[in-house]
Amino acid sequence: MKFGVVVFPGTWSDRDCGWVVDQVLGAHLQYLWHKDADLKGCDCIILPGGFAYGDYLRTGAIARFAPVMESIGEFADRGGLVWGICNGFQILCESGLLPGALIRNASLEYRCEWTNLVVERADLAFTSQCDEREVLRVPISHGEGSYFADPATLSRLEQNGQVVFRYCDVEGRVRPNSNPNGSLHNIAGIVNSRGNVLGMMPHPERCAEAELGGTDGLKLFRSVMHSAAQVLTA
Amino acid sequence: MIARIVVVPKPVVNDPQGVTVRQGLALLGFGEVTEVRVGKYIEVRLDATSERAARERVDAMCSRLLANHVIEDYHFELEHESKGAMR
Amino acid sequence: MIARIVVVPKPVVNDPQGVTVRQGLALLGFGEVTEVRVGKYIEVRLDATSERAARERVDAMCSRLLANHVIEDYHFELEHESKGAMR
Amino acid sequence: MKLEDRNVDERRLREVALTADEYRVIVESLKRPPNDLELGMLGVLWSEHCSYKTSKALLRRLPSSGAAVLQGPGENAGAVSLGNGWAVVFKIESHNHPSAIEPYQGAATGVGGILRDVIAMGARPIALLDSLRFGPLPESRRHFDGVVAGIGGYGNCIGVPTVGGEVYFEDCYAQNPLVNAMCVGLVRANDLMRARAEGTGNKLLLVGADTGRDGIHGAAFASLELDEDSSQRRPAVQVGNPFLEKCLLEACMDLSLTDAVVAIQDLGAAGLTSSVAECAGRVPGAGAKIDVSRVPRRERGMTPYDVMLSESQERMLVVVRRGREADIERIFETWDLTSAVIGEVTNDGHLTVVDHKEQVARVPIQLLTEGAPLRRLVGLPPEPAPALDIDALPPPADIGAALLRMLASPNLCSRGPIIRRYDHMVGDATVIPPGGDAAMLRVKGTKIGIAMTTSCNARYCHLDANLGAQLAVAEAARNIIATGAQPLAITDCLNMANPDRPEVYWQLEETVSGMAQACRSLDLPIVSGNVSLYNESAGGAAIYPTPVIGMVGQIDDYDRRLQAGFKHEGDFVLLIGSSHNDLGGSEYLKVEHDMVAGRPPELDLARERAVGKLILTAARAGLIKTAHDCSDGGMLVALAECCLLGGIGMRGPALNPEPPLRIDAAFFGESPSRFIVSAPSRATPELQSLARRHHVEIALLGLTGGDALELEGQLKLTVQEMREAWEGGLGGPA
Ligand SMILES: Nc1ncnc2c1ncn2[C@@H]1O[C@H](COP(=O)(O)OP(=O)(O)O)[C@@H](O)[C@H]1O
Ligand SMILES: [Mg+2]
Numbered sequence: 030m031k032f033g034v035v036v037f038p039g040t041w042s043d044r045d046c047g048w049v050v051d052q053v054l055g056a057h058l059q060y061l062w063h064k065d066a067d068l069k070g071c072d073c074i075i076l077p078g079g080f081a082y083g084d085y086l087r088t089g090a091i092a093r094f095a096p097v098m099e100s101i102g103e104f105a106d107r108g109g110l111v112w113g114i115c116n117g118f119q120i121l122c123e124s125g126l127l128p129g130a131l132i133r134n135a136s137l138e139y140r141c142e143w144t145n146l147v148v149e150r151a152d153l154a155f156t157s158q159c160d161e162r163e164v165l166r167v168p169i170s171h172g173e174g175s176y177f178a179d180p181a182t183l184s185r186l187e188q189n190g191q192v193v194f195r196y197c198d199v200e201g202r203v204r205p206n207s208n209p210n211g212s213l214h215n216i217a218g219i220v221n222s223r224g225n226v227l228g229m230m231p232h233p234e235r236c237a238e239a240e241l242g243g244t245d246g247l248k249l250f251r252s253v254m255h256s257a258a259q260v261l262t263a
Numbered sequence: 002m003i004a005r006i007v008v009v010p011k012p013v014v015n016d017p018q019g020v021t022v023r024q025g026l027a028l029l030g031f032g033e034v035t036e037v038r039v040g041k042y043i044e045v046r047l048d049a050t051s052e053r054a055a056r057e058r059v060d061a062m063c064s065r066l067l068a069n070h071v072i073e074d075y076h077f078e079l080e081h082e083s084k085g086a087m088r
Numbered sequence: 002m003i004a005r006i007v008v009v010p011k012p013v014v015n016d017p018q019g020v021t022v023r024q025g026l027a028l029l030g031f032g033e034v035t036e037v038r039v040g041k042y043i044e045v046r047l048d049a050t051s052e053r054a055a056r057e058r059v060d061a062m063c064s065r066l067l068a069n070h071v072i073e074d075y076h077f078e079l080e081h082e083s084k085g086a087m088r
Numbered sequence: 010m011k012l013e014d015r016n017v018d019e020r021r022l023r024e025v026a027l028t029a030d031e032y033r034v035i036v037e038s039l040k041r042p043p044n045d046l047e048l049g050m051l052g053v054l055w056s057e058h059c060s061y062k063t064s065k066a067l068l069r070r071l072p073s074s075g076a077a078v079l080q081g082p083g084e085n086a087g088a089v090s091l092g093n094g095w096a097v098v099f100k101i102e103s104h105n106h107p108s109a110i111e112p113y114q115g116a117a118t119g120v121g122g123i124l125r126d127v128i129a130m131g132a133r134p135i136a137l138l139d140s141l142r143f144g145p146l147p148e149s150r151r152h153f154d155g156v157v158a159g160i161g162g163y164g165n166c167i168g169v170p171t172v173g174g175e176v177y178f179e180d181c182y183a184q185n186p187l188v189n190a191m192c193v194g195l196v197r198a199n200d201l202m203r204a205r206a207e208g209t210g211n212k213l214l215l216v217g218a219d220t221g222r223d224g225i226h227g228a229a230f231a232s233l234e235l236d237e238d239s240s241q242r243r244p245a246v247q248v249g250n251p252f253l254e255k256c257l258l259e260a261c262m263d264l265s266l267t268d269a270v271v272a273i274q275d276l277g278a279a280g281l282t283s284s285v286a287e288c289a290g291r292v293p294g295a296g297a298k299i300d301v302s303r304v305p306r307r308e309r310g311m312t313p314y315d316v317m318l319s320e321s322q323e324r325m326l327v328v329v330r331r332g333r334e335a336d337i338e339r340i341f342e343t344w345d346l347t348s349a350v351i352g353e354v355t356n357d358g359h360l361t362v363v364d365h366k367e368q369v370a371r372v373p374i375q376l377l378t379e380g381a382p383l384r385r386l387v388g389l390p391p392e393p394a395p396a397l398d399i400d401a402l403p404p405p406a407d408i409g410a411a412l413l414r415m416l417a418s419p420n421l422c423s424r425g426p427i428i429r430r431y432d433h434m435v436g437d438a439t440v441i442p443p444g445g446d447a448a449m450l451r452v453k454g455t456k457i458g459i460a461m462t463t464s465c466n467a468r469y470c471h472l473d474a475n476l477g478a479q480l481a482v483a484e485a486a487r488n489i490i491a492t493g494a495q496p497l498a499i500t501d502c503l504n505m506a507n508p509d510r511p512e513v514y515w516q517l518e519e520t521v522s523g524m525a526q527a528c529r530s531l532d533l534p535i536v537s538g539n540v541s542l543y544n545e546s547a548g549g550a551a552i553y554p555t556p557v558i559g560m561v562g563q564i565d566d567y568d569r570r571l572q573a574g575f576k577h578e579g580d581f582v583l584l585i586g587s588s589h590n591d592l593g594g595s596e597y598l599k600v601e602h603d604m605v606a607g608r609p610p611e612l613d614l615a616r617e618r619a620v621g622k623l624i625l626t627a628a629r630a631g632l633i634k635t636a637h638d639c640s641d642g643g644m645l646v647a648l649a650e651c652c653l654l655g656g657i658g659m660r661g662p663a664l665n666p667e668p669p670l671r672i673d674a675a676f677f678g679e680s681p682s683r684f685i686v687s688a689p690s691r692a693t694p695e696l697q698s699l700a701r702r703h704h705v706e707i708a709l710l711g712l713t714g715g716d717a718l719e720l721e722g723q724l725k726l727t728v729q730e731m732r733e734a735w736e737g738g739l740g741g742p743a
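Chains as they are written, first to last, in the numbering used here: chain A, 30 to 263; chain B, 2 to 88; chain C, 2 to 88; chain D, 10 to 743.
Treat the hints as calculated values from the structure; they're not laboratory data. Errors might be hidden in some of the hints.
[Said to hold, decoys possible] Mimicking EDC-like on lysine to aspartate or glutamate, the simulated pairs with C-alpha atoms at most 16 angstroms apart in a straight line are:
hint : chain 1 : residue 1 : chain 2 : residue 2
1    : D       : Lys576    : A       : Asp67
2    : A       : Lys64     : A       : Asp51
3    : D       : Lys62     : D       : Glu31
4    : D       : Lys456    : A       : Glu240
5    : C       : Lys11     : D       : Glu308
6    : D       : Lys453    : A       : Asp67
7    : B       : Lys11     : A       : Asp67
8    : D       : Lys298    : D       : Asp364
9    : D       : Lys622    : D       : Glu736
10   : D       : Lys40     : D       : Glu24
11   : D       : Lys65     : D       : Glu308
12   : D       : Lys456    : A       : Glu238
13   : D       : Lys634    : D       : Glu695
14   : A       : Lys64     : D       : Asp566
15   : D       : Lys453    : A       : Asp51
16   : B       : Lys41     : B       : Asp74
17   : D       : Lys62     : D       : Glu379
18   : A       : Lys31     : A       : Asp67
19   : B       : Lys41     : C       : Glu80
This one's a predicted model, so the numbers in the text were calculated from it and none came from an experiment.
All chains, full assembly: derive it from the sequences and hints.
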């Protein structure tokens with residue numbers, strides 16, 4: 030199983046994702062430079078958090094035109110696993126690989142804090158090691174993570190079951206006051222209709238070791254590992 | 002040529018910034034303000050052979066990069082440069 | 002009355018956003034762009050008895066809240082409202 | 010010399026912030042009048058901010074050596090060995106004046122500046138801390154909001170976690186807010202760099218932002234009082250570009266992959282002039298030649314003067330081995346950074362500036378860096394602080410109600426609304442998050458933990474500058490020890506009012522003496538620091554002397570780290586250390602009696618050492634589960650914080666202090682050298698005998714558990730009630 034972690038100028042979760050893949054998970058790690066179109070045989074591409082191009086103008090607006098993104102689009106079309114975290118989610122929306130957009134937090138403030146996420150889909154390559162309705166504790170860190178889509182898109186997402194994570198309280202109840210950023214329908218993460226492109230605002234790579242406050246994030250990394258193993262044995 | 006581009010959030014998109022600015026204005030005694038929307042203003046200086054060519058290019062810049070059609074609308078004006086720098 | 006306010010970084014002030022957007026445009030093949038400045042656009046709807054009164058009030062709003070006079074300049078236009086909502 | 014020989018008028022001298030006497034020294038050593046550019050260059054480098062002409066003699070009194078010290082003062086940042094081949098690099102710096110004028114950008118560029126100091130040492134920045142002072146809320150909200158947003162804006166974007174700091178609100182900072190930023194970096198000790206321009210013929214390469222007319226005479230400005238005139242200087246405000254700095258950071262880290270780099274030096278106050286002069290000044294006999302026409306510019310029509318004095322942010326100077334320029338330029342190109350060779354190292358001891366072929370300035374390096382005549386000022390003790398008649402204070406009518414008011418005080422309440430606006434987790438290393446005593450980061454791939462904190466109760470310093478400075482050092486050490494880490498070394502930022510006033514200079518002297526004494530006694534070297542003077546405005550008040558202590562400490566196995574919040578139900582809660590009638594300068598006196606008076610708490614440094622040793626010994630032996638130091642607000646506030654941070658209550662008997670200890674002092678007095686610890690019941694006897702062996706008092710306060718803080722018959726507040734008071738103290742979202 031080989032993870033590719035994409036590095037744009039301004040990316041900062043690349044090293045954190047790399048650490049988890051390499052040191053915690055023990056999987057193969059390959060950093061992918063944004064100017065480089067070659068995906069180097071990676072099985073899952075992570076678009077990590079950060080402020081690619083400073084997030085100037087709009088989050089992800091400039092990054093999505095990087096050469097690596099074209100290859101990632103083709104890779105996704107072929108069914109490859111693409112996982113956007115935080116800034117990566119914003120880039121996926123900008124590039125059209127996922128619908129909708131991420132706008133300024135309703136509080137207008139940056140938020141770095143722990144959140145609870147209810148897992149709505151446990152049948153995906155990214156969540157296979159979770160239970161449906163399981164509550165994960167995962168931190169967020171963003172100023173523009175409020176998910177928006179027009180009403181038609183939103184209802185399509187809901188009907189197709191494309192909402193993967195929602196902000197909730199400790200018991201898994203999806204409440205307005207468990208929404209840290211004003212996302213529509215408390216959406217924290219969505220997947221494309223084919224199920225191979227996931228975007229999420231929270232940072233699973235920040236909670237893969239107990240000393241950092243929790244290990245729920247590791248479940249997502251393990252899920253990807255596991256799904257790869259299944260593909261190989263199938 | 003100078004293009005003065007305005008990018009505003011679509012009416013259906015929440016504009017928490019606009020709401021906050023209105024509240025701030027009200028606190029400062031500007032109670033007569035009934036609505037505020039906050040967008041971006043982008044001034045682009047470009048070389049172009051004609052106004053028509055410039056219009057096409059600026060429109061392409063807006064639709065490809067400067068505005069996100071999911072959440073934003075844009076419009077712009079062109080101005081032939083007199084001499085000086087941009088304001 | 003609607004005021005369309007443009008707030009831009011002063012010409013002498015560093016505009017990192019503008020610089021980066023210009024680089025972004027160049028990456029996309031818009032090499033003809035020689036300069037970009039990024040500012041804010043604020044649309045304010047207000048009740049006012051006259052254009053003169055409105056002008057005074059909007060000017061006060063800009064200098065007190067909407068623009069940071071240390072690093073930004075502003076200008077605005079007023080428009081008598083025809084009918085509909087703001088764009 | 011007569012005025013007419015001076016070639017300059019008084020106005021011009023004021024503009025470059027030089028005195029007539031200083032000008033005379035310049036003419037004498039050049040043996041000619043300086044030209045305008047030379048005068049400007051000397052002006053910025055001789056400003057207080059760059060030359061330390063007022064404080065240098067005093068700073069020599071601070072201890073700066075120690076077994077672990079790899080780099081003391083004199084470089085861009087200090088460095089201390091962690092063992093295992095690792096070194097921790099750190100420094101604190103003020104950005105007070107810019108933040109007063111433009112809070113967001115002032116604070117943001119302060120963060121940008123301190124990051125570059127650490128990068129220049131070859132270290133990767135791993136954490137930021139911010140020590141802030143404002144006037145009271147709500148009046149100072151614009152400063153407060155802007156500064157917090159600015160620090161987050163820069164730190165969050167560049168991806169360095171902000172893990173600690175402090176915030177105080179006090180009348181004296183209303184016109185003069187203080188913004189001190191500290192950066193901590195990590196490097197292999199062997200890769201530690203020094204910014205020395207060695208090797209004649211080596212090239213000087215400038216990289217990063219294009220140079221604009223930013224902040225010309227900003228350094229001189231930082232050395233003047235804020236007055237009417239400062240509005241004229243407002244264009245001195247700079248706008249930071251954290252994205253560019255992120256690229257610069259990564260590129261500088263990549264530089265260590267080659268052997269083509271001799272040194273890296275940041276450009277800060279006084280820009281290119283100071284950067285080149287400092288870098289050459291560290292090598293005896295070295296000089297530099299610069300061609301300003303090669304400096305990439307942001308604006309047209311810039312003069313050599315503009316270029317040499319510009320303070321544009323996000324630039325670095327790299328000394329490159331001759332012939333290896335292309336290797337370095339390639340690295341910068343990878344990151345889309347503009348770089349240019351702008352000159353070279355010489356051996357003539359001069360800074361020579363040319364514009365194309367024409368020489369426009371030539372000044373001896375030593376004159377620039379060491380030439381400023383030291384100012385010998387006189388100190389006179391100020392009026393003694395108002396005395397405190399402790400017997401006249403009525404005892405608290407209702408201890409619970411008083412506690413709630415204390416918890417809601419802006420100086421004591423939860424920092425949550427600030428902390429959550431800072432990314433404090435990026436890097437996957439934060440093993441103790443902000444909100445307790447010190448924060449801790451792990452060194453990935455090892456078990457080493459680095460604890461870090463900033464600390465200064467300036468009210469104490471106002472009441473007694475010497476004792477206040479000692480208390481600041483002691484409290485910082487206590488914060489580190491509360492995590493189970495051993496304090497290692499200090500960086501300090503001396504924020505003072507106008508030292509030309511004898512009372513202020515006296516405060517500066519006393520502050521330095523107090524710091525030096527505490528550092529010697531606690532065995533803590535000061536390896537870097539910064540001085541910010543003239544923090545007073547013409548009409549407004551002078552600030553309290555505010556010597557902010559930034560400290561780092563080390564634990565060899567971070568699995569043994571301690572945190573402040575109670576962990577489990579049924580543990581014993583103990584107070585370690587002794588309490589006295591220390592109400593002078595306390596937050597209790599301010600909140601409940603609206604007084605700033607008396608003498609700060611007495612500090613016995615031998616006792617401080619003993620208590621610290623006891624805590625570390627107990628922590629290593631696994632006898633205690635949590636530790637929290639008692640500081641502002643006293644024992645009861647500390648106890649409430651243990652409950653709030655852990656989400657667990659505590660129950661114990663009523664506390665009836667033995668005379669002469671007063672009940673208000675027992676609860677809210679701020680006697681130093683005290684901790685609240687929790688321990689498993691079976692470990693308690695051992696802990697008690699350990700305390701006896703260290704000659705330290707230990708008293709049982711109660712047992713953890715339940716959802717209230719209860720002292721039978723005396724006080725009962727639910728954790729929830731306390732939380733509401735505590736979390737609302739900053740008045741809604743920051
Ligand atoms: N209060 C102080 N205590 C100890 N060292 C100090 C103090 N103030 C300044 N220094 C040291 O003096 C040198 C110059 O400081 P400064 O001008 O602030 O550095 P820079 O220009 O790199 O930001 C640095 O090495 C700094 O650590
Ligand atoms: Mg420096």
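Hint by hint, here is what the structure shows:
Taken as a hint, the Lys576 of chain D and Asp67 of chain A pair is broken in the structure, with Cα atoms around 49 angstroms apart against an allowance of 16 angstroms. A C-alpha spacing of about 23 angstroms is found between Lys64 of chain A and Asp51 of chain A, which places the hinted pair above 16 angstroms, so the restraint is violated. Note on Lys62 of chain D and Glu31 of chain D: the hinted pairing holds, with a Cα-Cα distance of about 11 angstroms set against a maximum of 16 angstroms. About 11 angstroms separates the Cα atoms of Lys456 of chain D and Glu240 of chain A, which keeps this hinted pair within 16 angstroms; it holds.
Distance hint between Lys11 of chain C and Glu308 of chain D is fulfilled; the C-alpha atoms sit about 13 angstroms from each other, no more than 16 angstroms. Among the hinted pairs, Lys453 of chain D with Asp67 of chain A is inconsistent with the structure: their alpha-carbon atoms are about 30 angstroms apart, more than 16 angstroms. With a C-alpha separation of about 37 angstroms, the suggested pair Lys11 of chain B and Asp67 of chain A falls outside the 16 angstroms cut-off, and the hint is violated. Taken as a hint, the Lys298 of chain D and Asp364 of chain D pair is honoured in the structure, with Cα atoms around 11 angstroms apart against an allowance of 16 angstroms.
With a C-alpha separation of about 33 angstroms, the suggested pair Lys622 of chain D and Glu736 of chain D falls outside the 16 angstroms cut-off, and the hint is violated. The suggested pairing of Lys40 of chain D with Glu24 of chain D is violated, with an alpha-carbon distance near 23 angstroms, which exceeds 16 angstroms. Between Lys65 of chain D and Glu308 of chain D the CA atoms are separated by roughly 37 angstroms; this puts the pair beyond 16 angstroms, and the hint is violated. Distance check on the hinted pair: Lys456 of chain D and Glu238 of chain A sit about 14 angstroms apart at the alpha-carbon level, within 16 angstroms; holds.
Annotation: proposed proximity of Lys634 of chain D to Glu695 of chain D holds, straight-line Cα distance about 14 angstroms (limit 16 angstroms). Only pairs whose Cα atoms come within 16 angstroms are accepted, and Lys64 of chain A paired with Asp566 of chain D is rejected, the gap being roughly 41 angstroms. Proposed proximity of Lys453 of chain D and Asp51 of chain A is supported: the alpha carbons are some 13 angstroms apart, at most 16 angstroms. Restraint check for Lys41 of chain B and Asp74 of chain B: satisfied, since their Cα atoms lie roughly 10 angstroms apart, inside the 16 angstroms limit.
Our distance criterion of 16 angstroms between C-alpha atoms is met by Lys62 of chain D and Glu379 of chain D, whose separation comes to about 9 angstroms. A C-alpha spacing of about 14 angstroms is found between Lys31 of chain A and Asp67 of chain A, which places the hinted pair at or below 16 angstroms, so the restraint holds. With a C-alpha separation of about 19 angstroms, the suggested pairing of Lys41 of chain B with Glu80 of chain C is violated against the 16 angstroms cut-off.
Hints 1, 2, 6, 7, 9, 10, 11, 14, 19 from the list above are not met by this structure, while the remaining hints are.
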